[in-house]
Amino acid sequence: MFTEVLPQQAPSRAAADADPAGPADPAGPADPAPANAAPADAGSTAPGPTAPWPAGDRRRARRRAPRPRFSVAPYLYILPATAMLILWTYLPLAQTFELSFYDWNLIPTQPKTPVGMGNYAEVLALPELHQALWNTLLYIGAFLILSVALPVAFALLSKRVSGRAKTVYQALIFVPYLVTPVATSAIWRWMFAEEGGTIPAIARTLGFEMGNVFREPGGSMIAVMVIVGWQLLGFGVLVVSAGLAGINPDYEHAAGVDGAKRRQILWRITIPLLSPSLVFLALMTILLSAQWTFPVIDLITQGGPSGSSTNIYYLLYEFGFRSFDAGISAAAGVLFFIAFGLVALLFVELTERLSFHDN
Amino acid sequence: MAFTLVAPQQQAVPSSPERIAQAQRALAASRTRGRLGLIPAFVILTVLAVIAIFPIYWMFVTAFRPADQSLSTSLAPGPFSLENFQYVWETIPILRMLLNTFGMALAIAAGQLLVAILASYGFARWRFLGQKTLYLLFIGSWLVPFQVTMIPNYVLISQAGLLNNVAGVIVPQLAAAFAVMLLKQHLDSFPKELLDAADMDGRGPWRSLWEIVVPNLKPALAALAIMLFINAWNEYLWPSLIMQKSNDIIQVGVRSFLGAEGNNWGAVMAASALACLPIFLIYVFLQRYVVDAFVRSGLK
Numbered sequence: 001m002f003t004e005v006l007p008q009q010a011p012s013r014a015a016a017d018a019d020p021a022g023p024a025d026p027a028g029p030a031d032p033a034p035a036n037a038a039p040a041d042a043g044s045t046a047p048g049p050t051a052p053w054p055a056g057d058r059r060r061a062r063r064r065a066p067r068p069r070f071s072v073a074p075y076l077y078i079l080p081a082t083a084m085l086i087l088w089t090y091l092p093l094a095q096t097f098e099l100s101f102y103d104w105n106l107i108p109t110q111p112k113t114p115v116g117m118g119n120y121a122e123v124l125a126l127p128e129l130h131q132a133l134w135n136t137l138l139y140i141g142a143f144l145i146l147s148v149a150l151p152v153a154f155a156l157l158s159k160r161v162s163g164r165a166k167t168v169y170q171a172l173i174f175v176p177y178l179v180t181p182v183a184t185s186a187i188w189r190w191m192f193a194e195e196g197g198t199i200p201a202i203a204r205t206l207g208f209e210m211g212n213v214f215r216e217p218g219g220s221m222i223a224v225m226v227i228v229g230w231q232l233l234g235f236g237v238l239v240v241s242a243g244l245a246g247i248n249p250d251y252e253h254a255a256g257v258d259g260a261k262r263r264q265i266l267w268r269i270t271i272p273l274l275s276p277s278l279v280f281l282a283l284m285t286i287l288l289s290a291q292w293t294f295p296v297i298d299l300i301t302q303g304g305p306s307g308s309s310t311n312i313y314y315l316l317y318e319f320g321f322r323s324f325d326a327g328i329s330a331a332a333g334v335l336f337f338i339a340f341g342l343v344a345l346l347f348v349e350l351t352e353r354l355s356f357h358d359n
Numbered sequence: 001m002a003f004t005l006v007a008p009q010q011q012a013v014p015s016s017p018e019r020i021a022q023a024q025r026a027l028a029a030s031r032t033r034g035r036l037g038l039i040p041a042f043v044i045l046t047v048l049a050v051i052a053i054f055p056i057y058w059m060f061v062t063a064f065r066p067a068d069q070s071l072s073t074s075l076a077p078g079p080f081s082l083e084n085f086q087y088v089w090e091t092i093p094i095l096r097m098l099l100n101t102f103g104m105a106l107a108i109a110a111g112q113l114l115v116a117i118l119a120s121y122g123f124a125r126w127r128f129l130g131q132k133t134l135y136l137l138f139i140g141s142w143l144v145p146f147q148v149t150m151i152p153n154y155v156l157i158s159q160a161g162l163l164n165n166v167a168g169v170i171v172p173q174l175a176a177a178f179a180v181m182l183l184k185q186h187l188d189s190f191p192k193e194l195l196d197a198a199d200m201d202g203r204g205p206w207r208s209l210w211e212i213v214v215p216n217l218k219p220a221l222a223a224l225a226i227m228l229f230i231n232a233w234n235e236y237l238w239p240s241l242i243m244q245k246s247n248d249i250i251q252v253g254v255r256s257f258l259g260a261e262g263n264n265w266g267a268v269m270a271a272s273a274l275a276c277l278p279i280f281l282i283y284v285f286l287q288r289y290v291v292d293a294f295v296r297s298g299l300k
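Top line first, the protein sequences correspond to chains H and C.
All residue numbers for the first sequence refer to the UniProt record's numbering, where the first residue is 1 and numbers rise by one.
All residue numbers for the second sequence refer to the UniProt record's numbering, where the first residue is 1 and numbers rise by one.
Simulated from the structure, these hints should not be mistaken for laboratory data.
Among the hints, erroneous ones may be present.
To be verified - Once the Cα atoms are required to be at most 20 angstroms apart in a straight line, the calculated SDA-like pairs of lysine to any residue come out as:
{"#": "1", "chain 1": "C", "residue 1": "K132", "chain 2": "H", "residue 2": "A83"}
{"#": "2", "chain 1": "H", "residue 1": "K166", "chain 2": "C", "residue 2": "R288"}
{"#": "3", "chain 1": "C", "residue 1": "K245", "chain 2": "H", "residue 2": "F321"}
{"#": "4", "chain 1": "C", "residue 1": "K245", "chain 2": "H", "residue 2": "F324"}
{"#": "5", "chain 1": "H", "residue 1": "K159", "chain 2": "C", "residue 2": "T46"}
{"#": "6", "chain 1": "H", "residue 1": "K112", "chain 2": "C", "residue 2": "V155"}
{"#": "7", "chain 1": "H", "residue 1": "K166", "chain 2": "C", "residue 2": "L38"}
{"#": "8", "chain 1": "H", "residue 1": "K159", "chain 2": "C", "residue 2": "D292"}
{"#": "9", "chain 1": "H", "residue 1": "K166", "chain 2": "C", "residue 2": "R296"}
{"#": "10", "chain 1": "H", "residue 1": "K166", "chain 2": "C", "residue 2": "A49"}
{"#": "11", "chain 1": "H", "residue 1": "K159", "chain 2": "C", "residue 2": "V291"}
{"#": "12", "chain 1": "C", "residue 1": "K132", "chain 2": "H", "residue 2": "E349"}
{"#": "13", "chain 1": "C", "residue 1": "K245", "chain 2": "H", "residue 2": "I107"}
{"#": "14", "chain 1": "H", "residue 1": "K159", "chain 2": "C", "residue 2": "R296"}
{"#": "15", "chain 1": "C", "residue 1": "K245", "chain 2": "H", "residue 2": "D298"}
{"#": "16", "chain 1": "H", "residue 1": "K159", "chain 2": "C", "residue 2": "P40"}
{"#": "17", "chain 1": "H", "residue 1": "K159", "chain 2": "C", "residue 2": "V43"}
{"#": "18", "chain 1": "H", "residue 1": "K159", "chain 2": "C", "residue 2": "V295"}
{"#": "19", "chain 1": "H", "residue 1": "K166", "chain 2": "C", "residue 2": "V43"}
{"#": "20", "chain 1": "H", "residue 1": "K112", "chain 2": "C", "residue 2": "Q159"}
{"#": "21", "chain 1": "H", "residue 1": "K159", "chain 2": "H", "residue 2": "Y251"}
{"#": "22", "chain 1": "H", "residue 1": "K261", "chain 2": "C", "residue 2": "A41"}
{"#": "23", "chain 1": "H", "residue 1": "K159", "chain 2": "C", "residue 2": "A49"}
{"#": "24", "chain 1": "C", "residue 1": "K245", "chain 2": "H", "residue 2": "L106"}
{"#": "25", "chain 1": "H", "residue 1": "K166", "chain 2": "C", "residue 2": "Y283"}
{"#": "26", "chain 1": "H", "residue 1": "K159", "chain 2": "C", "residue 2": "A41"}
{"#": "27", "chain 1": "H", "residue 1": "K166", "chain 2": "C", "residue 2": "Q287"}
{"#": "28", "chain 1": "C", "residue 1": "K132", "chain 2": "H", "residue 2": "F70"}
{"#": "29", "chain 1": "H", "residue 1": "K166", "chain 2": "C", "residue 2": "I51"}
Said to hold, decoys possible - Not close to chain C: a few residues of chain H, all C-beta gaps over 12 angstroms, as computed:
{"#": "30", "residue": "R215"}
{"#": "31", "residue": "G256"}
{"#": "32", "residue": "A260"}
{"#": "33", "residue": "P305"}
Using N, Cα and C, we set each Cβ at its ideal position, and we do this for glycine too.
So that you can see chain H by itself, here it is in the shape it has in the complex (with noise of 0.2 angstroms):
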């Protein structure tokens, strides 16, 4: 889940290859008449020259092709994609509005009672809402620190240091991001194990007595962060890195020549420059950290003790799958898919609005 394309910048391609001069076929994007004409085809049905290679220079482009024919083939060979996604995101996303509306157990053959906004008014009601949903906040901060601002400083640090000893720190930091769910929750439950395990060990000899973290509600919260955070903190590095590497070194010579001190060459170039990474990863972090404590919550503390580690996608789930509740899951679930699309949208409008590009 970690993987996700920088979003800020698909909005603004998907606009420039919008052609507004492209085939204006009355046709429109008819549905390709055989639905499930195999993309092999895809060739032998292109009718005549197809609609020219856009990205081209448009203007020779033109002339050699004065007219594009209107031709299926490009929608024949997005059909596959496009038919799962709207079978797998968005159709089951309407079905979810639509649930939020009505009272069911997820039995099949139990009938699905109509119960208004009743149920989007429990939700809003429910304590543990409110739990989660300020636990997600705490989380948030947390790997805002974690996933982002460490990553920062270390990627700064490892610049310093250069050629084979930067790549094997890289590849090692970056490690953690690849250990399965399954392993990282048994690993740090045998780190934070009260016998034995290496964490309690080391407060032991500092003179500290931990007990077992995951029983304690400030405790378990704060393990989770750990532990989720040990493996971001890589991938968050090796972004940051990634963007440091793509500011051309000759902004800093000159600043350097021109007598700027080392903090200023960070502040006022570095860091501008950096920004479209550092977006990046913010809004990735906001987005995503709901999901990637999941199976850490799920694997480790159960959302527990008493709801002091959980948070609202795993409140989804218990909804869900634990009371059965379809209804209140998909209500719950509607409200923060809103939320968060508009914090998504805030997030496009302010990297168009700040985000320094090295053109």
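Following the hints, position chain C against chain H.
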């Protein structure tokens, strides 16, 4: 002998001994300063690397200890024993789980790659009506958290009779919007001349795709395939929903093993080590591709 410290071109220029000595001192000072300045960086990075690696090291060390020494806190490995692995092997069908998960991850990665190659080619090669809207559909899809759509997806899979079946895990994941977007960005910068040449040779778009585009994108496709495989292997929520009553997928099988074995840390660590072994092997042998893929996913 001391003159070797000075750069050759300076040496060639005849100059006074004081000057040379001065240059030497300056050079030596700046080198020491440079090296000393790096010490904090090395220290901090080493601490960080140790924090990153120690839990994984500890997993392997515990797994390879004799079962009665699981609680040993000695940092050094050994005495070496395969007892824990033998126990895991005899208690759960770990090999079948690994093979199942491998097949599942391979199927998901291959499906996502194929679907993404076709779709990104469609998006990048032509201009067509509704292109922008369709592409927005892809971008927007990753804003939909999986937990919001999981109930309808679950219902659909159960209606299809695929609960507790690996196919039920694979099918909904065959298309990855993110792979489409990543590949489209690669294709947007693909040299048009190559395709124009292919057109002139009389190749249709289908043959151009497989004979020109795909071979030329091999490194990017390899990196993407590896990343898709790793992601599929590490997917947790969906397999654990679909495979509830069957332990055929490693995430689910090892989870129930952890539940049953509780504090038998040696066995638990052995099972965990096996669960992430394939990914570690991929990382060891294909590290450059893996890092490349994850960096690109975030930056391009």
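Against the structure, the hints come out as follows:
1. C:K132 - H:A83: Between K132 (chain C) and A83 (chain H) the Cα gap is close to 16 angstroms, so the pair holds against 20 angstroms.
2. H:K166 - C:R288: Holds, at about 14 angstroms.
3. C:K245 - H:F321: Distance of about 14 angstroms is within 20 angstroms: holds.
4. C:K245 - H:F324: Judged against 20 angstroms, a Cα distance of about 17 angstroms means the pair holds.
5. H:K159 - C:T46: Holds, at roughly 14 angstroms.
6. H:K112 - C:V155: holds (14 angstroms)
7. H:K166 - C:L38: Holds, at about 12 angstroms.
8. H:K159 - C:D292: Holds, at about 18 angstroms.
9. H:K166 - C:R296: Holds: K166 (chain H) and R296 (chain C) sit about 19 angstroms apart, inside 20 angstroms.
10. H:K166 - C:A49: holds (11 angstroms)
11. H:K159 - C:V291: holds (17 angstroms)
12. C:K132 - H:E349: holds (19 angstroms)
13. C:K245 - H:I107: The given pair, whose Cα atoms are some 17 angstroms apart, holds under the 20 angstroms limit.
14. H:K159 - C:R296: Holds - the C-alpha atoms of R296 (chain C) and K159 (chain H) are around 19 angstroms apart, at most 20 angstroms.
15. C:K245 - H:D298: holds (17 angstroms)
16. H:K159 - C:P40: Measuring from Cα to Cα gives roughly 13 angstroms; hence the hint holds.
17. H:K159 - C:V43: Roughly 14 angstroms separates the two Cα atoms, so the pair holds.
18. H:K159 - C:V295: holds (16 angstroms)
19. H:K166 - C:V43: holds (13 angstroms)
20. H:K112 - C:Q159: holds (16 angstroms)
21. H:K159 - H:Y251: With Cα atoms ~16 angstroms apart, K159 (chain H) and Y251 (chain H) stay inside 20 angstroms; holds.
22. H:K261 - C:A41: Status holds; Cα separation ~19 angstroms.
23. H:K159 - C:A49: The hint holds at about 15 angstroms.
24. C:K245 - H:L106: Holds, because 17 angstroms separates the two Cα atoms, which is no more than 20 angstroms.
25. H:K166 - C:Y283: holds (17 angstroms)
26. H:K159 - C:A41: Within the cut-off at roughly 9 angstroms; holds.
27. H:K166 - C:Q287: It holds: about 14 angstroms lies between the C-alpha atoms, which stays within 20 angstroms.
28. C:K132 - H:F70: Measuring from Cα to Cα gives roughly 16 angstroms; hence the hint holds.
29. H:K166 - C:I51: holds (16 angstroms)
30. R215: holds (14 angstroms)
31. G256: holds (14 angstroms)
32. A260: holds (18 angstroms)
33. P305: holds (18 angstroms)
Of the numbered hints stated above, none is contradicted by the structure.
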